[in-house]
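2 protein chains.
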Amino acid sequence: MKGNIVVGQSGGPTAVINSSVAGVFCAAKELGVNKVYGMVHGIEGFLEDQMIDLGDYLDDPTGVELLKRTPSAFLGSCRFKMPQIEGHEDVYEKVFEIMEKHDIECLFYAGGNDSMDTVKMLSDYAAAHNKPQRFMGVPKTIDNDLPITDHCPGYGSAAKYIAASIKEIIRDNASFGAKKPTVCIVEIMGRHAGWLTAAAALAKGDDCEGCDAIYLPETVFDIDAFMEKVKYLAANRSSVVIAVSEGVHLADGRFVCELANENVAVDAFGHKQLSGTAAYLAQLVAAQTGLKTRAIEFSTLQRAATHLASLTDVNEAYEVGYEAVMTAEEGKTGMMITLDRKESTPYLCATSAFDIHAIANVERSVPKEWITEDGCGLNEEYEKYARPLIMGELTPLYVNGLPRHLVRK
Amino acid sequence: MKGNIVVGQSGGPTAVINSSVAGVFCAAKELGVNKVYGMVHGIEGFLEDQMIDLGDYLDDPTGVELLKRTPSAFLGSCRFKMPQIEGHEDVYEKVFEIMEKHDIECLFYAGGNDSMDTVKMLSDYAAAHNKPQRFMGVPKTIDNDLPITDHCPGYGSAAKYIAASIKEIIRDNASFGAKKPTVCIVEIMGRHAGWLTAAAALAKGDDCEGCDAIYLPETVFDIDAFMEKVKYLAANRSSVVIAVSEGVHLADGRFVCELANENVAVDAFGHKQLSGTAAYLAQLVAAQTGLKTRAIEFSTLQRAATHLASLTDVNEAYEVGYEAVMTAEEGKTGMMITLDRKESTPYLCATSAFDIHAIANVERSVPKEWITEDGCGLNEEYEKYARPLIMGELTPLYVNGLPRHLVRK
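Chains as they are written, first to last, in numbering that gives the first Met the number 0: chain Z, 0 to 408; chain A, 0 to 408.
Watch out, some of these pointers could steer you wrong.
Remember, identical chains collapse to one label, so a pair may be satisfied in a single copy or spanning two.
Derived EDC-like pairs: lysine to aspartate or glutamate, alpha-carbon spacing no greater than 16 Å straight-line [claimed, not checked]:
no., residue 1, residue 2
1, Lys-1, Asp-102
2, Lys-408, Asp-205
3, Lys-341, Glu-29
4, Lys-228, Glu-372
5, Lys-203, Glu-380
6, Lys-100, Asp-48
7, Lys-178, Glu-47
8, Lys-408, Asp-52
9, Lys-28, Glu-85
10, Lys-331, Asp-373
11, Lys-1, Glu-329
12, Lys-130, Glu-104
13, Lys-130, Glu-99
14, Lys-408, Asp-206
15, Lys-178, Asp-48
16, Lys-179, Asp-373
17, Lys-408, Glu-208
18, Lys-203, Glu-92
19, Lys-28, Asp-52
20, Lys-230, Glu-392
21, Lys-28, Asp-55
22, Lys-34, Asp-102
23, Lys-1, Glu-328
These are calculated hints, taken from the structure and not from any lab test.
Isolated chain Z (complex conformation) (with noise of 0.2 Å):
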């Protein structure tokens, strides 16, 4: 690659989506890459011409490492929606004249739907007017609810944190519990793809009894058959432990969170801001059995938790973003960079390139195959999918009992 390029980082942090930009940065380096900027706030920053040049941070191999210890989105986040091209060409001029202000010969963008329908616009724009720029996406959500990859980038890391949480949570919970047990319902991110709620069913092992039901939103949540299903449990076990998808709802569709509060806010993307579920199942509980509940949210936790990082999503993380800049570098632009397993026993993941307008908007469901017939469970198919993303950690630098992250001054 002859001139600059530049990355962004956009929709809900992950907990490795810096490692896509420490993956890019040093692919661009191994090519010769003059300059990498990195775009302050996603797309919406870049059309202020709001960008910071990576090398600053990056030059020194240690900045690397810190970078991948760190969470959120190190150059900032947006969730800015590309408008229809027609109409707002202003909008898409913009960005391709920045692009040359800075001789900026390539875009790559790491996130997840709502983020590849902006590179799915933008290399659409620099079709149809012959333009030399390319963009590339880089895929990251912790939702894991992008098609045609295996899995995405940010998923191992909550799957492993939210495993892991539950097991302290089941061990806290079974504590108590020598007269009557305490109901315990946990609430997980995820609007209408369960995979991370799934991640619940990774707990159970030969030192965890596991989750005593796991609710996804692939499947209609019955109020009256989860009260009887808790009704059950409690009678019979000594601690109760039920993970909750965020995003469960009634046969009508309603979400359940919003029986306990109509007002639910929406975001650009016309997303509700889903939470409070947990609240309000333990309080119909408690209301019913006279048992104590707690609620717990994860909430951004599940997407922050570097600190319980998983080495392979790390690694897989880094990978997508050092094969963006290798694929541009032979021409391609529209395309996402995908994981595709090869094998699960032992994990063989290979990386490979997508058009993007087969991934832009689609959302993957959990395979209906790998609920339980009861619909509260994870099935042994899921566990095969899911425990390779898991494995290995990378230790945190710690300083004054911390972990130590790297921020834009």
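Following the hints, put chain A in place on chain Z, whose structure we already have.
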């Protein structure tokens, strides 16, 4: 010691209460004690003669190492309050009967204020009735509110978890905010004492802007002043993260969380189960400012996250268990082991034994002099006190990608 001993765990678990059991076990074995029993679910289970032989788990030293890495109360905990002696002599006689039956010379009880009351009552009863059995308290509480001792085992690990998680939350929250800040309110445990919430102050450093405000229960919470503060912060920062104690209360004594839910549940000791403070305040901020808000409760994770335990804390928890046995060996009874700080820089701490009567049922708050004048932060005196307590890590033993725990069969 000629006879056997028994150890129990009581009250809310901590990340390191099992290290205290390890300390008791190892000291007893060093002294040639025959059997070290563990009460299953504290004194409540003990009264029903429910015990395990700890040797079954810990004779192999890998068991001790695994126990140190196991969250919550390995033996099971309870919230059982010993009744007043008068009129309930049968309950007390039952304790001694079970001790005699198993040739138990000394009882060790790891817990907080309420549990130290149990030690006091039992040792008082023994003294009044010329019983030879001895009773020793082993300090444990994430709340850090026991008097006399410089700090309590369990606090350092909870503080480390809180500070590390707040750092991750601050990075997450700061990743958006190109245009308008998100106001994130984090709720931290601590009914009357603000020690845990104060730990949010440790997040601040070279690589972290720290919390924008920290509200302890040691000061009266004024909702109008809080809203003013939030509006000021929101107008001047691109990210706002605020830590509040679950125990923040109004001038009239009502907990803030009671404003959201009047029917707060109460436990066996008459303590209200506090929750929902952050959610209530976040809704208030959203309604009054229109800003995006987020409420996070650490809930039980702050006391169960052994994967992020402080090594200093692990070692001190072990030490107080160990010293309790050594002190009992000298013939002493009715005492609790305290941690006596000799120096903060470099950190140096010893142990001694103190009369349980001065400790039971007394709660120690964060000194007013350590709270900043505006009531929304901690000064460097607190950091000098707390920083040494979060130092060091104990690497979990990872199996299949998750920290391994020791569990009762």
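Status of each hint after checking the structure:
1. Lys-1 - Asp-102: within (9 Å within a copy, 83 Å between copies)
2. Lys-408 - Asp-205: between (46 Å within a copy, 11 Å between copies)
3. Lys-341 - Glu-29: neither (27 Å within a copy, 53 Å between copies)
4. Lys-228 - Glu-372: Cα proximity of Lys-228 and Glu-372: one copy only (14 Å, versus 52 Å across).
5. Lys-203 - Glu-380: within (14 Å within a copy, 44 Å between copies)
6. Lys-100 - Asp-48: within (10 Å within a copy, 79 Å between copies)
7. Lys-178 - Glu-47: between (62 Å within a copy, 12 Å between copies)
8. Lys-408 - Asp-52: within (11 Å within a copy, 57 Å between copies)
9. Lys-28 - Glu-85: For Lys-28 and Glu-85, neither the intra-copy (37 Å) nor the inter-copy (80 Å) Cα distance is at most 16 Å.
10. Lys-331 - Asp-373: Answer is neither: 46 Å inside a copy and 58 Å across each miss the 16 Å cutoff.
11. Lys-1 - Glu-329: So Lys-1 and Glu-329 pass the 16 Å test inside one copy only (12 Å; across, 79 Å).
12. Lys-130 - Glu-104: For Lys-130 and Glu-104, the Cα distance is within 16 Å only inside one copy (10 Å; across copies 86 Å).
13. Lys-130 - Glu-99: Within one copy only: 10 Å inside a chain, 89 Å across chains, cut-off 16 Å.
14. Lys-408 - Asp-206: between (45 Å within a copy, 10 Å between copies)
15. Lys-178 - Asp-48: For Lys-178 and Asp-48, the Cα distance is within 16 Å only across copies (15 Å; inside one copy 63 Å).
16. Lys-179 - Asp-373: Answer is neither: 25 Å inside a copy and 44 Å across each miss the 16 Å cutoff.
17. Lys-408 - Glu-208: between (46 Å within a copy, 11 Å between copies)
18. Lys-203 - Glu-92: neither (53 Å within a copy, 42 Å between copies)
19. Lys-28 - Asp-52: Cα proximity of Lys-28 and Asp-52: one copy only (13 Å, versus 61 Å across).
20. Lys-230 - Glu-392: neither (39 Å within a copy, 41 Å between copies)
21. Lys-28 - Asp-55: The answer is within: 13 Å in one copy meets 16 Å, while 57 Å across copies does not.
22. Lys-34 - Asp-102: within (9 Å within a copy, 76 Å between copies)
23. Lys-1 - Glu-328: Result: close within a single copy only, 10 Å intra versus 77 Å inter.
Of the numbered hints listed earlier, those contradicted by the structure are 3, 9, 10, 16, 18, 20.
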